[in-house]
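Chemist: What follows is each chain in one-letter form.
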Amino acid sequence: MTKEIILKGRKVVKGKAAGYAVVSTEPISFNGGVDPATGIMTEEEHPIKDVNIAGKVLVFPTGKGSTGGSNRIYDMADRKTAPVAFIQANAEPITTIGAIMADIPVVDKLDQDPFAVIETGDYVEVDADNGIVKVIKKE
Amino acid sequence: MQLTNYENRMLNGEMGEPIRKAMEILVALGESYDAKRMVEVRNVHLAGASIVVTGEAGVKFAESMQCQGGCFCTRTTSNPTALDCAKWRELGIAEKDAELQGRLTNALAKLGAQIISTCTPYFVGNAPRLGEHVAWGESSAVIYANSVLGARTNREGGPSGLAAALCGRVPECGFHLKENRYGKLLINVTIPLSGVTDYGCLGYFAGMLSSQDTPVFTGIPDTATPDELKGLSAALGSSGAVTMFHAVGVTPEAPDLETAFGGKKPETVVEFGEKEKKMMLDKLDREESSDVDWVMLGCPHASMFEIADISRALEGKKINPDVTLWVGTSIQVKTIADRMGYTDIIEKAGGKVVCDTCPVLAPTRDLAQKMGYKVLTTNSAKMAHYSPGQFGLMTHYGNIDKIIDAAVTGKWKR
Numbered sequence: 001m002t003k004e005i006i007l008k009g010r011k012v013v014k015g016k017a018a019g020y021a022v023v024s025t026e027p028i029s030f031n032g033g034v035d036p037a038t039g040i041m042t043e044e045e046h047p048i049k050d051v052n053i054a055g056k057v058l059v060f061p062t063g064k065g066s067t068g069g070s071n072r073i074y075d076m077a078d079r080k081t082a083p084v085a086f087i088q089a090n091a092e093p094i095t096t097i098g099a100i101m102a103d104i105p106v107v108d109k110l111d112q113d114p115f116a117v118i119e120t121g122d123y124v125e126v127d128a129d130n131g132i133v134k135v136i137k138k139e
Numbered sequence: 001m002q003l004t005n006y007e008n009r010m011l012n013g014e015m016g017e018p019i020r021k022a023m024e025i026l027v028a029l030g031e032s033y034d035a036k037r038m039v040e041v042r043n044v045h046l047a048g049a050s051i052v053v054t055g056e057a058g059v060k061f062a063e064s065m066q067c068q069g070g071c072f073c074t075r076t077t078s079n080p081t082a083l084d085c086a087k088w089r090e091l092g093i094a095e096k097d098a099e100l101q102g103r104l105t106n107a108l109a110k111l112g113a114q115i116i117s118t119c120t121p122y123f124v125g126n127a128p129r130l131g132e133h134v135a136w137g138e139s140s141a142v143i144y145a146n147s148v149l150g151a152r153t154n155r156e157g158g159p160s161g162l163a164a165a166l167c168g169r170v171p172e173c174g175f176h177l178k179e180n181r182y183g184k185l186l187i188n189v190t191i192p193l194s195g196v197t198d199y200g201c202l203g204y205f206a207g208m209l210s211s212q213d214t215p216v217f218t219g220i221p222d223t224a225t226p227d228e229l230k231g232l233s234a235a236l237g238s239s240g241a242v243t244m245f246h247a248v249g250v251t252p253e254a255p256d257l258e259t260a261f262g263g264k265k266p267e268t269v270v271e272f273g274e275k276e277k278k279m280m281l282d283k284l285d286r287e288e289s290s291d292v293d294w295v296m297l298g299c300p301h302a303s304m305f306e307i308a309d310i311s312r313a314l315e316g317k318k319i320n321p322d323v324t325l326w327v328g329t330s331i332q333v334k335t336i337a338d339r340m341g342y343t344d345i346i347e348k349a350g351g352k353v354v355c356d357t358c359p360v361l362a363p364t365r366d367l368a369q370k371m372g373y374k375v376l377t378t379n380s381a382k383m384a385h386y387s388p389g390q391f392g393l394m395t396h397y398g399n400i401d402k403i404i405d406a407a408v409t410g411k412w413k414r
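Read top to bottom, the protein sequences are chains U and A.
Sequential numbering from 1 applies to the first sequence in this note's numbering.
Sequential numbering from 1 applies to the second sequence in this note's numbering.
It is possible that part of the hints are untrue.
Unchecked claim - Each computed SDA-like pair below joins lysine to any residue, with the alpha-carbon atoms no more than 25 Å apart:
1. A/K265 with A/L281
2. U/K109 with A/K184
3. U/K80 with A/K265
4. U/K137 with U/A89
5. A/K36 with U/G15
Worth flagging that the hints you see were computed from the coordinates, not collected in a lab.
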């Protein structure tokens with residue numbers, strides 16, 4: 001039987017989206033850390049280097065680095081290489097501004113540790129408007 | 001959010017579509033941070049002035065704001081572009097990139113930005129005062145403005161900076177509020193620091209530990225130069241999401257330890273000594289071979305004092321013919337360097353003074369391939385951080401003497 005887990009958090013950017021999760025335990029710089037043409041992570045020594053985040057529900061602690069990240073996220077959405085939703089420990093302005101521009105729903109501050117509950121490959125439905133994250137564990 | 005009548009009129013579209021769209025972005029941002037109201041800003045430094053960052057989507061966004069009659073109401077300056085306006089062909093920039101960059105620069109200029117094209121606006125006439133609310137982008141400049149100048153800004157990305165310049169407002173949250181400007185972790189520097197490379201190591205170390213929190217340093221001497229504090233800011237903004245730092249006895253909001261922490265105890269206390277510095281050097285100086293083919297100084301953009309130092313170090317020397325050396329700076333500082341004869345000395349040695357851009361904001365992966373560069377040699381922790389992932393080039397990292405020696409001999413000596 002598939003296992004479902006419901007998490008409750010805070011809406012950061014409105015909207016609903018679903019997809020397979022990619023979990024990064026380290027913060028992400030969208031400018032300089034990701035190839036916008038493909039959505040593949042490029043930062044050296046990063047735990048998800050070489051992973052493609054296009055079309056995924058991206059679970060990561062927070063943004064970091066370049067303030068060019070907001071524009072990068074907007075550009076990636078235009079190229080269809082952006083993630084479809086962000087789940088974060090603590091949202092940070094650069095990724096939030098990019099998500100507002102690109103209509104990417106964002107939730108943070110969940111009632112359970114997302115890095116303990118969600119694994120890469122789980123199917124995740126994000127309802128940011130109600131601050132609800134539904135995790136369908138992979139078989 | 002509680003908006004004033006005037007702000008509501010902006011949001012309702014009474015002042016045109018660009019201002020309506022801009023206010024919508026600012027309100028969404030404010031609501032996501034539980035801001036109670038907007039705060040007025042009269043000074044914006046725009047990130048997202050390079051097409052490498054904006055892509056075509058960002059160019060179209062700026063153009064549509066401008067075509068619909070958008071007009072900045074703040075004193076606005078712009079970050080570097082993807083190319084040097086004068087010598088982009090010589091540097092290896094493609095025609096199509098130059099064309100798209102021209103569209104973005106034109107749109108920003110027509111909207112009302114001063115196209116200063118530098119990441120160091122504070123060196124060339126845009127230096128906000130202590131306590132002034134501003135909306136700045138460019139991670140290194142945000143940290144410098146908050147920490148060294150004592151101005152108040154969050155990390156503004158391109159679109160929110162543009163929105164702030166149109167509306168003269170940003171949400172009153174984060175680093176605009178005094179209570180959010182205190183330190184969280186204490187970093188005691190126990191070794192003498194000298195030159196931007198040492199400060200880069202310290203910043204890189206502190207950024208990794210801090211994430212979004214504000215570090216407080218003891219042990220930074222009050223003789224630290226603006227160039228060293230610029231290097232510290234740039235490194236902090238690369239490995240972390242830091243918005244400001246305090247250096248006790250050096251920066252304006254940290255006359256003493258207690259003030260820097262707002263009377264609270266630090267959550268974490270760590271030491272930065274020889275061991276920590278060595279760890280960071282190992283992370284930033286990662287190229288295993290001794291090959292040197294592309295040397296980059298001036299990240300963030302070199303001040304006139306740094307250019308003077310570089311020209312002194314290069315005087316009477318010849319850069320190895322297989323090495324390309326860039327000194328990145330603003331057009332304003334280059335004008336002074338021209339007058340002082342520094343540009344001439346650097347060019348006679350075989351180097352290039354490059355304006356308006358930097359490798360992080362230029363189409364550098366393509367450029368490196370075209371020019372055959374394999375390794376980046378730099379004194380900037382920010383450049384050394386972004387180079388492997390963004391340009392596909394491993395790095396040598398060291399102080400100016402080592403860099404100049406490497407440029408002349410064509411070999412990196414450990």
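Chemist: Please go over all the hints and tell whether each is borne out by the structure.
Modeler: Hints, one by one, checked against the model:
1. A/K265 with A/L281: Outside the cut-off at roughly 30 Å; violated.
2. U/K109 with A/K184: Holds, at about 19 Å.
3. U/K80 with A/K265: Cα-Cα ~46 Å, so violated.
4. U/K137 with U/A89: holds, 20 Å
5. A/K36 with U/G15: At roughly 22 Å apart (the allowed maximum being 25 Å), U/G15 and A/K36 satisfy the hint.
When each numbered hint is compared with the structure, violations occur for hints 1, 3.
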